[in-house]
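Put chain V on the given structure of chain C with help from the hints.
Here the protein sequences come in this chain order: C and V.
Converting from the first sequence to the numbering used here requires adding 9 to each position, the first position being numbered 1.
Converting from the second sequence to the numbering used here requires adding 9 to each position, the first position being numbered 1.
Derived from the structure by calculation, the hints contain no laboratory data.
Intra- or inter-copy, both count: the list cannot distinguish identical chains.
Quick list of in silico lysine to aspartate or glutamate cross-link-like pairs, DMTMM-like style, CA-CA up to 20 Å:
id, residue 1, residue 2
1, Lys42, Glu124
2, Lys80, Glu50
3, Lys82, Glu111
4, Lys42, Asp117
5, Lys70, Glu124
6, Lys86, Asp23
7, Lys82, Glu50
8, Lys70, Asp129
9, Lys42, Glu125
10, Lys85, Asp28
Owing to the predicted nature of the structure, the values given are computational and were not obtained by experimental measurement.
Number of protein chains: 2
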Amino acid sequence: MKEKIILLAHGSSDLNWSDTFVHLTRPACEQNKNVQLAFMELSSPSLELCVKRAAKEGYQKVTVLPLFLAKGKHLKKDVPGMLESYASTYGVATQLLDPIGEHPALADALLRIIEETVQDKE
Amino acid sequence: MKEKIILLAHGSSDLNWSDTFVHLTRPACEQNKNVQLAFMELSSPSLELCVKRAAKEGYQKVTVLPLFLAKGKHLKKDVPGMLESYASTYGVATQLLDPIGEHPALADALLRIIEETVQDKE
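Just chain C, same shape as in the assembly (with noise of 0.2 Å):
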């Protein structure tokens, strides 16, 4: 099954926000071309445009993958509702991920990261 694998912002009315998100996605986008950045709101593309995409492009499968922290509001009820109303108006298949903060690989880029800070000082 052909499968796109959206990476979500949540999206801001600010360009250097989501800058970052383009810059994060970067190696991911161009390591892998079924994988592409798309924005809940604000930001452009949209979370719409990209599942139309991908259907019309022959797509089955949509799984979202959010670049979130947590889970509130949004992934509990909003992007839930935003995918089952495009499942059906665009006819593909669609999956949402627990956001990246729940992954393991979180908290172990966050030790990283510390190191980091902390050897920086010494």
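Same frame as chain C, but now just chain V:
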């Protein structure tokens, strides 16, 4: 110089939300007794309480590592203002680091998470 490292999350009235940060930061806090989790608002302990305690415990400096993926208004304006005020009230030096989302360790963690996501499907 005795330095406290505060891992600063936004905070939420949703207990599940703040629990994710307790879990995310546990390895770091257990590994280094100078590392502690605090919240900007809505959750406990507050940033102010942690700075106050650090000063009382003899720390001369408080370094804040934001558990945010990007810099928005909170990190550009609110938190610097809070730290300036607490530094003067409690007599400690303060430093605000870049948010974790700007660190290369986060892009690496993201690659690892995506790799696992793709492998799980194969």
